[in-house]
Amino acid sequence: MRRMRLAKVSALALQMLLFWPPMAGAQDTASEVGTDVGTLYRDEAAALYKAPAYSPYAGRDYPRRVLWGDTHLHTANSLDAAAFGNTLGPEPAYRFARGEEVVSSSGQAARLSRPLDFLVVADHAEGLGSAGEIRKGNPNLMADPTLRRWHDLMAAGGDSAAQAAIELIRSVGTGTVPPAMMNKHLARSVWTNYTSIAEHYNAPGRFTALIGYEWTSNNSGNNLHRVVIFRDGKEKADQIVPFSAFDSEDPAMLWKFLDAYTEKTGGDVLAIPHNGNLSNGRMFALVDFDGRGLTRAYAETRARLEPVYEVTQIKGDGEAHPFMSPNDEFAGFELWDKGNLDLTELKKPEMLQYEYARSGLKLGLRLEQELGVNPFKFGMIGSTDSHTSLATADQDNFFGKHAGAEPNSSRAIHLFAASPDGSAKIMGWEQVASGYAAVWATENTRAAIFDALERKEVYATTGPRMVVRFFGGFDFNPGDANTRSPATIGYARGVPMGGDLTAAPPGKAPSFLVAALKDPIGANLDRIQIVKGWQDANGALQEKVYDVAWGNARTRKPDASGKLPPAGDTVDVANATWTNTIGDPELITVWTDPDFNPVLRAFYYARVLEIPTPRWTAYDARYFGVQMPKEVPMVAQQRAYTSPIWYTPKS
Amino acid sequence: MLARLLREPLLHFLLLGGVLFAIFGRGGPSDAGIADRQIVVSEADIARLADGFSRTWHRPPAADELEAQIQNYIREEILYRTALAIGLDKDDTIIRRRLRQKMEFLFEDTVPVPQEAELRAYLQAHAEKFRTQPLISFRQIFVSQSRGGHAEADARQILARLVSTAAGASSEGDALLLGDDFTRMPLDQVAAQFGESFAQTMAQSIVGRWVGPLRSAYGLHLVLVTAVEPAELPPFEQVRSAVEREWFADRRAAAQAAQYQALLAGYRVVVQRSQATSP
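Residue numbers (the working numbering), protein chains in the order written: chain A, 1 to 651; chain B, 1 to 279.
Chain B on its own, in the form it takes in the complex (with noise of 0.2 Å):
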């Protein structure tokens, strides 16, 4: 009942308004600042000042260096609070877009830690997101077009030797930088370097006999498939961070346009078009 609650819509968008509200609503600890003309450097700060530089240098700093850094988050803090006083943030581009993605994070944020029974859903929902490629196992013979006009008839002429031939070895064709011979290759591995047709006759050839000739990008090939492992659904539990991944990314895709169609809801939206911007 509690779990369910928790992940209601409804309830994170109260919640972001108070976070909201707790933000812009009150005075937070920022614009408490120019006014009491205080700059409090507490023990906390201090402690996160050194732990920042000892996570870049891997030691603790020396006083100096410390003291420096005391000094850097004392300006920093002058020029923040002031620039903030006068409205330096206001209209400015670089701060609405970090602001923008600020709020994008928030929605993020929205999105609760799902639960295993979720996820092994999300994977019989979207089980093609997750089957792996077949992996072929093939050799290949190469004809080369640099054979010229005969480059076809010879290839089907040693495809004919190779057919005949039971031990289904050959020294005939030409060489391929590839190689000729391929171990577990995934199909969309095979598509991309030799072509989808390519890729197509291999899906629909037989295990253990000569086909041919191929074409691809670099000329003819006589192809044995010696062996198939054919795409499968793995178990829950090899694919589970990635499940993970995706139900995240749906997720959170789905948070940002639910909680900007809400914000848009509490704004009336005026759009002024001159003649000459109107679509």
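Just chain A, with the same shape it has in the complex (with noise of 0.2 Å):
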């Protein structure tokens, strides 16, 4: 049915050519209105801030449509993806992105239930250079003694072979990588080959391939790991070739690299982290990589080179943990806790609260009044990570985290990973079919995109495509919440989500008009919540979670503590369907903090849960007709994380 969707618009296409008389007045008209507004009341419309134009229409050039794409996707590129059996190249990685059908490297048709609008092919830096030697003529064959403890687990294929594939991701860890992979002057090549394709497939204003890669650092086994993106062509990025965790695993080494491209070619680029949860209290810490404390200058280039956060992915979810939140009931969803990247090393509680984004973004109020600076004012995104060069999140259109996952009847109870000493285990049930980034640029556009990143004007969804809207600021009132174009007055009247609020006016709390509409495809919206993050009077760090908007309003009220009851769940789990006979479409209001002192520190941002679906493993279950162990999930709440405003106060 969905697989219909494209097929039947290109016929509608069709048949508008066919039968459309070109209407030459109608036309024009509307092309002259559109390029009126955008030229003529451009540059007045700052002007004209809080006093509209007669026009409704005169001053719109806010973002009005939410892009979505995923910044973070493998192709047979990728060392550890081909070791797989990924024999997918970025070409069929952005056709399928774009919305066609690509048979996957285990042979299934697959094909996105709508297309993305743009793509960020991020293979690993490490290794990426040595497959295009031959066109140089030279056969350079990479080889070391090292591989031939890999070499009789590959030889037999199957699981062995994603073990001896495990150690291979491991030794990049343990510094232990056959130095034949390491070759600088064989990745030239490969690069500009790279950064070609990517030219190829960016159509502005209708598909972005943004440039970027994977700083793969991963000391100790510890995930500090970094996808680059560039916000220019390939022009620019091939002045480089992509700094790896060889070159250095230090951050603040990579910072540097990235501050000389932006020297040298007057270029611009920033760095999104991700799996905090696999970093074993290294993301968020309050020291740096060679263990001192963290400086001003350590908090600015941090800021400015790493403006948002992929929080959400297929290796665990990163918004917020139970150890650190017990009073927030959503809390545990989807956590991936046991240990590092490789479980080398297992995980302790208090390597949690270095993890999580909501804990970091609370320790970045702490450093800011240290330091003057807060290093981890970062926006929040979603995507994949997936290394199949298919970039899925859709629950019933999951392929999986590498090519041996794709689906198959016992992926589920396969195991994912183990500790060297089989004490933590990964199943690949724990897979997460997660997620995407959502962008409010003003185009479709590599500059709009990357400017978009980078003023955090972005959210996170696990998957589903909810619309969300989020801004804070003084004068809203409740009214606001019953316009027609809440975005003309959130921009007007407060700042948008990824932006800041300071010195509140006297006996005045910051109000926040938030709004969320469901996936067009999807579920229902059970609520939308804030979230509260603060550095008390004391410098503790505190957060709270509001319920501010719910689905069934009229018959659902919280009860004597304030607690909203569940939205209730129609999941046919052996059906592995659902109906949207509870919850609501939409959802929006304006909601006060009640409990704001001006003087404090804080941050808030908005979840949006969509009422309980079947998870992938439902979908697994019924298709392929098996039975899941009982302790396998078959049901969740998809949601959506925005980036946080910040209040400030004056100093």
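Calculated from the structure, these hints are not laboratory results.
A partial selection of chain A residues facing chain B, derived with a Cβ cut-off under 10 Å:
{"hint": "1", "residue": "Gly85"}
{"hint": "2", "residue": "Gly89"}
{"hint": "3", "residue": "Pro115"}
{"hint": "4", "residue": "Asn193"}
{"hint": "5", "residue": "Thr483"}
{"hint": "6", "residue": "Lys518"}
{"hint": "7", "residue": "Asp519"}
Each residue gets a CB set at the ideal place from its N, CA and C atoms; glycine is no exception.
Hey, can you piece these two chains together into the complex? The hints should help.
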């Protein structure tokens, strides 16, 4: 049914071409109006900021359509993806993201429910080199005695091959990677080929192919990975070769490289960290890579070059952990909290506060007080980190972490990873079919998407494409929730997600205009929550979650203790279906902080929950006709996290 | 004549064979190494190492940094040659997959750069790939399902008033986060946001006339199409890059298939299935 969508649209397009006589008059009027609004009023709109023009359409050059994308996709260019059997390079990855049908590495036809608007192919810089060398006629084969250890396993194929691939990845963390993989001069030809493909698929206004790669710092197995994204095209990106973890595993050295790039080319570049949950206390640590206390310079550099954090993806959701948020009933979502990336070191509870986004945002408030700059002032996006070249995040269309985990009857019950002593295990069913990056860009181009990331006007979802608006200010009133165009009010009277508030007027608390609209082919909404974090008068870090708008509000009221009852559950697990008979398609409200203190630092972000729907494991069970073990979750509440709005007292 | 010869698949196959022979048939530079036990790091090698360093750091390496690069290169060369000599490259899944990938790159490189006439012909033959979406400008008035059972009746009443008043503007209806006016929205985006039957109706409605109620996933809509720019096939110059991309994608896929079949023809394949693995 869904697979017919594009075909139908093309048919419609054809139909319109055939049957629509060119209506010159109407057409010209439209383009004139469009052009005039854009050109005539654009400069004046700023001056008219709070006094709207007579024309309700004038000055509306704020982002009007949210763009959907994946900033973190691996193809066969990534050593680990290829080792797991991915044979699809960047070209099929772009085609798939644009909505075309492709055949996956395991031979299965695959297509997205709807195209994405943009994609970053982010292959690992490490070992990105060796593939293209034959073009130069140099039959330099990579080989190293270390590979002998993996040889027998690899030759056996299947799970043994997967084990060998994991050992290979582990070697990056222990610094025992075969030297042949680090050959810098091999990297150049691959990089320029890689940027050429991005150039070919980049269609401004229609589909954006941002150039990027992943820097895979994995010191002692602790994940400090960053995806590097360029604002620029091939011409500038080709002036460097990717800085890899072989050059340095220290993020500060990566930042040095990024600044050198900007200085040399006049271009712009940023880095997006991810999987703090697998960093064993390193992602939002209060010390730098070498264990020294943080400095103002560190904070400035990090905040400038790392404006957003990838909060949710296949290897776990990293918004909040019940250990730090015991009063948040939705904090335990899709956790991977058993150890670091390769499970060579198991998790200790005291590590968690330095790993999860909410906690990182709170620590940032304290660091800002100490250093004068907040190093952890980040917005939030989701992405897949899929290694299949297929950017899937829908529960009913999940192609897994790597080519070996593409849909098959037993992928859920296969061992996915284990610690060396076997005491900690991650099973296939623990893979998370998440997520996407939602970007409020003014147009679908590299520059506009990059700029939206930089100003943090972005949000994360675990897959569904719900539209979420979040504005903060001191002048919103409850009636603003009833306006026909909330965004116009939002931009006129406040700042959007990712923005800053300061200097509260006397007697006023910040209020937030927040609205969410369900995914057009997805589930209704359970509720919108606002998460507040702050540093109290004693310097201690606090958090609180407020339910601010919810579905079925006429009949569903908070109980005496203030707790909102659950939305209900319509999921039929056996058939992997649900109904939109509960929840609301759209929620909107204006919420004012009831506990505001103008001299304390705080941040606010919105979390939007869908009603319960079948998890990918339920779709697997139905399609393959298999029984899942009872510990496998079959129902989940998918969600969105917006970038925060910060309140900083006037110093 | 020469151009046509250069595009001849048979020639490519012969050339490919020649390349393979050059690599595997006689001793290349790499299998000379273990016998003569001599490693020469040439000026050119050093220049290449320095260049690689400069590309990362945007500055030439200092003397000690370059020395480290050279030592690393020597180490790599020694381990590499030794590994080859003791056969570590044999039957290794990673190396096999990498070599397969390199072979496939090689196949792809047999696709020649297209002539403009070929691209123009491709555009004509595959026009549907390059046709733009119709761009639709419209206004909508939303009637929320939260009105309950009379939502549809409300919508019809609002529609009747819209049709009878010439102004066509109304403050009736409910708020919708998507907004109430849309400029030059591609039809496929209309379908993605509001649903296919919604888009279908839009495609057939007349400019300047309110229609509805149309049903989306959010509720009911009354819609006024204000302008339509029909789908069109852009001139060749505008889509040349996209045509080239699609042309290459097609040709590369064909080259992969053809070269594989050609190689396959040179082998006798025996699959020894046991009872258990028989299809």
